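K.L.:
Each chain, letter by letter, is given below.
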Amino acid sequence: MEFGKLFELVVAASLINNFVFTRFLGLCIFFGVSKKMETAIGMSITFTSVMMISAALSWLIYFLIMIPLHIEFLKIVLFIGVVAAFVQTSDTIMRKVSPGLYYKLGVYLALISTNCIILAVPLINAEHGYNLIEALAFALGSGLGFALALIIMASIREKIELADVPRPFRGLPIAFVTTGLIALAFTGFSGLITL
Amino acid sequence: MSKRASLGTLIRNGILLENPIFRLALSLCPTIAVTNKLRNGFLMGLAVLFVQVMVNLTISALRKFIHPRIRLPIFMLIISGWVTVVDMLMAAYARAAYKEMGLYIELIVAFASILARAELFASKNEVVPSFMDGIGQGVGFLFALCIISFFRELLGMGSLWGHAFVSSKPLLIMVLPTGGFFAVGILMGFFNWIDMKFFGGSGASGAAGH
Chain E
11 MEFGKLFELV
21 VAASLINNFV
31 FTRFLGLCIF
41 FGVSKKMETA
51 IGMSITFTSV
61 MMISAALSWL
71 IYFLIMIPLH
81 IEFLKIVLFI
91 GVVAAFVQTS
101 DTIMRKVSPG
111 LYYKLGVYLA
121 LISTNCIILA
131 VPLINAEHGY
141 NLIEALAFAL
151 GSGLGFALAL
161 IIMASIREKI
171 ELADVPRPFR
181 GLPIAFVTTG
191 LIALAFTGFS
201 GLITL
Chain X
82 MSKRASLGTL
92 IRNGILLENP
102 IFRLALSLCP
112 TIAVTNKLRN
122 GFLMGLAVLF
132 VQVMVNLTIS
142 ALRKFIHPRI
152 RLPIFMLIIS
162 GWVTVVDMLM
172 AAYARAAYKE
182 MGLYIELIVA
192 FASILARAEL
202 FASKNEVVPS
212 FMDGIGQGVG
222 FLFALCIISF
232 FRELLGMGSL
242 WGHAFVSSKP
252 LLIMVLPTGG
262 FFAVGILMGF
272 FNWIDMKFFG
282 GSGASGAAGH
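Each protein sequence line maps, in turn, to chains E and X. 11 is the number of the first residue of the first sequence in our numbering; add one for each residue after it. 82 is the number of the first residue of the second sequence in our numbering; add one for each residue after it.
No wet-lab data here; the hints were simulated from the structure. A hint or two may mislead.
The calculated lysine to any residue pairs, modelled on SDA-like cross-linking and capped at a C-alpha distance of 20 Å, are [to be verified]:
hint, chain 1, residue 1, chain 2, residue 2
1, X, 180, E, 48
2, X, 278, E, 176
3, X, 180, E, 27
4, E, 106, E, 95
5, E, 45, E, 133
6, X, 180, E, 139
7, X, 180, E, 133
8, X, 180, E, 169
9, E, 169, E, 48
10, X, 278, E, 184
Ranges between beta-carbon positions, derived for each pair [stated by the list, open to error]:
hint, chain 1, residue 1, chain 2, residue 2, range
11, E, 74, X, 176, 27 to 33 Å
12, X, 243, E, 99, 46 to 52 Å
13, X, 152, E, 67, 20 to 26 Å
14, E, 174, X, 201, 22 to 28 Å
15, X, 271, E, 55, 24 to 30 Å
Just so you know, these numbers come straight off a predicted model, no measurement behind them. All C-beta atoms in this analysis are idealised placements derived from N, C-alpha and C, irrespective of residue type, glycine included.
Next up, chain E with everything else stripped away, as it sits in the complex:
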């Protein structure tokens, strides 16, 4: 597997098929934590690392256990179990080993366990039959894409707070319209790389 292909995977997952703007996943967290830049950055860091580790774990389980046993149809049940168990474990370990880090990022961990992107990445990896390195590259790209989306959105929303928005549109509705405009800009990336 040459380097160029991996680079393409990362770019494709983060810009062209950005999870938030073209696949519409993780919207709940996206709208929930993009109010402040600080939380957005904390979430991005936690999210990208959890994403890569859980993608690797699910890949191992899928290709080493599920395929040999022919139980691919259980992938939804097993993947959500793996992700939830991993998030719970890292939550406990982080609290004991590094309370300072837990104080900063622990709240995001709890949110992540029910995020759909975290579950979607293993499912897409399994569907495309990526090998371990490709799966990791895909997870990295997805994490970076989500981080990019969060940070763009947070910087815009800090400005919207000060704007005079019509009352029924305050809060979420205007956030949706803004996201639509960013998504329009991201359409420009399509066709950048053809996989």
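Place chain X on chain E using the hints.
P.N.:
Here is chain X on its own, set in the frame of chain E:
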């Protein structure tokens, strides 16, 4: 309050007052992803309705046997089991739609609204009210998806359920990803406006959560 009225209230709550999408802003991901065609929105709504009802039924029937300390993993297990059932049913009987939205069907498992109803309602109530609650919530979801996809397909493709009304494509942007965000944002604002105008609400949408 008579028993009948209270069951009716449960259903009405789900459709109007506590609509999972427009009022509570829960489970937003599929609302935008699959609603570029009325057919897809309707099928997704049906799938969610089915999962919600079956999960509520299972959990309220088993609620005496589930130990409170381990209830969340058990709920997830039950939900993912029913999602697998729907996933396979769709793959078998609605192939064309499944090809377009298979991933999103699998992701029903991560819906907050289903887990929330299981936790808040079904784990504490009898089977029949839980069934009604599931129908109310599910129909509310179906209703929201149908409205969004109705406008998006009509404006974007000039057709409904695949039947073309006008030969041109009036606003192609509505079937693109961008249009989904616009449609949901504008409809949410509209529902807030109705709430403010006719019910004296504050006009604020529920906090976004998963």
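K.L.:
Take the hints in turn and mark each one as holding or not.
P.N.:
Each hint, compared with the structure:
no. : hint                      : result
1   : X/180 / E/48              : violated, 39 Å
2   : X/278 / E/176             : holds, 14 Å
3   : X/180 / E/27              : holds, 18 Å
4   : E/106 / E/95              : holds, 17 Å
5   : E/45 / E/133              : violated, 29 Å
6   : X/180 / E/139             : holds, 17 Å
7   : X/180 / E/133             : holds, 15 Å
8   : X/180 / E/169             : violated, 40 Å
9   : E/169 / E/48              : holds, 15 Å
10  : X/278 / E/184             : holds, 19 Å
11  : E/74 / X/176: 27 to 33 Å  : holds, 31 Å
12  : X/243 / E/99: 46 to 52 Å  : holds, 47 Å
13  : X/152 / E/67: 20 to 26 Å  : holds, 24 Å
14  : E/174 / X/201: 22 to 28 Å : violated, 37 Å
15  : X/271 / E/55: 24 to 30 Å  : violated, 37 Å
Of the numbered hints listed earlier, those contradicted by the structure are 1, 5, 8, 14, 15.
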